[in-house]
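Asks: Chains as they are written, first to last, in our numbering: chain B, 1 to 399; chain S, 1 to 399.
Certain hints may be false.
Heads up, the list lumps identical chains together, so a pair's fine if it works in one copy or across two of them.
Only pairs whose alpha carbons sit at most 30 angstroms apart, straight line, appear in this in silico DSSO-like list of lysine-lysine [as the list claims (entries may be wrong)]:
1. 332 <-> 316
2. 80 <-> 351
3. 16 <-> 385
4. 385 <-> 397
5. 357 <-> 80
6. 16 <-> 357
7. 316 <-> 16
Worth flagging that the hints you see were computed from the coordinates, not collected in a lab.
2 protein chains.
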Amino acid sequence: MNNFIFQSPTELIFGKGQTDKVGTKISEYGGTNVLFVYGGGSIKESGLYDQIIDSLEDEELNIFELPGVEPNPRIALVRKGIDICEENDIDFILAAGGGSTIDTAKTIAAGFYYEGDPWEMFTGDEDPEEALPVGVVLTLAATGSEMNGNAVISNMETEKKLAIQSPALTPDFSILDPVNTFTVPREHTVFGIVDIASHIYEQYFKHIENTEISDRFAESLLITLREASERVLENPEDYNSRANIMLAATLALNGGVCAHSDIKRTYLCALGKDTSFIVHPIEHEFSAFYDIPHGGGLAILHPNWMEYVMDAGIEKFVQYATRVFDVDPTGKSDEDVAREGIVRTREWFNKMGAPTKLSDYNIDDTRFEEIAERLTADGPIGSFKELDKYDLIEIFKMS
Amino acid sequence: MNNFIFQSPTELIFGKGQTDKVGTKISEYGGTNVLFVYGGGSIKESGLYDQIIDSLEDEELNIFELPGVEPNPRIALVRKGIDICEENDIDFILAAGGGSTIDTAKTIAAGFYYEGDPWEMFTGDEDPEEALPVGVVLTLAATGSEMNGNAVISNMETEKKLAIQSPALTPDFSILDPVNTFTVPREHTVFGIVDIASHIYEQYFKHIENTEISDRFAESLLITLREASERVLENPEDYNSRANIMLAATLALNGGVCAHSDIKRTYLCALGKDTSFIVHPIEHEFSAFYDIPHGGGLAILHPNWMEYVMDAGIEKFVQYATRVFDVDPTGKSDEDVAREGIVRTREWFNKMGAPTKLSDYNIDDTRFEEIAERLTADGPIGSFKELDKYDLIEIFKMS
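All chains, please: the whole structure from these sequences, using the hints.
Replies: So this is what it looks like as structure tokens:
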């Protein structure tokens, strides 16, 4: 087990009927002039927008709105948000939405204190140290952004999708009412589930030994997710399935790391492990080039990555297959058991309706080399198995 | 799944060699005049005392010492600590030790702001709202006090052992170096393991449905604990076993509740459940009357409680037996499987050398009725199965 620092201070307010607390919570955390960040019309259609505005007005908070967050959220909107903060003495940022909205809010919160253009926080080599307080009303179970210090933003001019990671970005509170996810369309529910699973895989497949607790926590979430995903696709308004998926999302990428500091901060499911990710950065390149849904890209890439790296640590894949999918190892070779676990993973994603091939998004091999080169610009990547440019192209071809 | 609030802000600094950070961490959290609370000579013998003093002196902190914390820590020492704080403008309290030391430090921290005698915090009906900042260097894996808002203190005059629970008591940081537990004597290692298991049982055996994640997290910790306990008793200096036990202790009772508030705060292993404890309060009465080790009392009482309440929810005991002890259910009745899980629990405790009978502590039935009456003064207790005075006496007789 490696040394680590773990801290996850966000106040998690979980359950039905909790949304009405948003106004009093903002007051409690010292907010008066609130920037309310959200996406498109979905929170207006569902009534959530009105509910939040009512709660904020009950507390006599001054509300400034920033709608228009898109999937793969843009740095341009962040700049606009920072301008609003500066012009209106904003002292609290509220995000109502999923990861894109929360990440936009976090980046505005940190960008407010950053002296240069906020995109420089993503391309530079220092972690943001200060940010306005952020609160969340979550509407999509996926990124875990509601209880960690990460934010991912896209710059369409440079075709880059990059992350900042710092404890300063951790939300003060997050309200998780599973009912707010009842109306999430099937496709986004599925992409969310794939994203959650992928976060867990990124932490699970490591070579560090004696990490029983983080391994078993990861398996706990994967089993719960697998079981709940079947029920929720049959009945999108099944409260307990939505609740378990929402909680799994939050715990799957919980706590936080520092992108540039030497301090080995970590996540709940990576306690004692290294926190490097591999399939996420690969997918980010595809999203940046083609603007495809993050969860869709992950569903395609993750099983193929598993297959390609399996031989670098077959025992971990056997553990995964037997514990998460109850694969019976009797009379089978380790390789067969491991492969069965990967097959079951692919089946799980496909059965939910996730895409299986890059061609589902009309992506051909034209830019494979360019993408692989960008990813390996500083040398091979990946801690489970080191992957160079040619390895990556191989995985892309499999996809 | 029930609604809940979960928050666990303590900065966990985990791993070998981390103790030297204590001075800089205290400075980081704003401390200058430090009350250093510890127990007897063990930290002096191990060299930990010198190591901490050096680290504090490197930061030029003003050190005031309060040694003499005993097991089942006393309110009298808390009063003494508060006096030192008031006389010396203490702005940070450092606890180096196990649960008794940490709980003493927390109670001093809250008592400093409390207007009356600190024991009134335990007998009153309001949760402490303010406390001095507290840091921890942990030397015993057991109570989880290093990352929750609980403190248990004994008053020998009134033969009472009572708890306060409030987010205000949560430590700011806790340094967990497994090496600091290498020298813990076998008996205390075992009592610690039993205490950890008991904390998990208290949260695990509930009737609330659809709590897959907290159930599986609890099972994760129990399996890890069971496996590591075997290895550590063979080799007390096995780093990875000590590390897993230490981390299990912290995660087994992590976060915190409010004793008196309506806000449903909870622990990591009780997400979505109720947080009432049953065997702990029973054991506290025995400890208050007879001053027996907490872990010893729990080892005796817990399996008997299990046996007595099993029929109130046999499925949960079947789940426990099959998942935690790999009991094979083929061809067995639910009752047999459940009973096998309880037998295995008792065997686990006994094999480690924990006591099995109250008579091991020379406790006879003289005061059974008095203890049972005190516990049921406000009516029956227990959420898995309601227990009245006669039920409790029955469990005591089994013990």
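Asks: Tell me, in ascending order, the numbers of any earlier hints that this structure violates.
Replies: Hints 2, 5 and 6 are the ones this structure does not satisfy, whereas the remaining hints hold.
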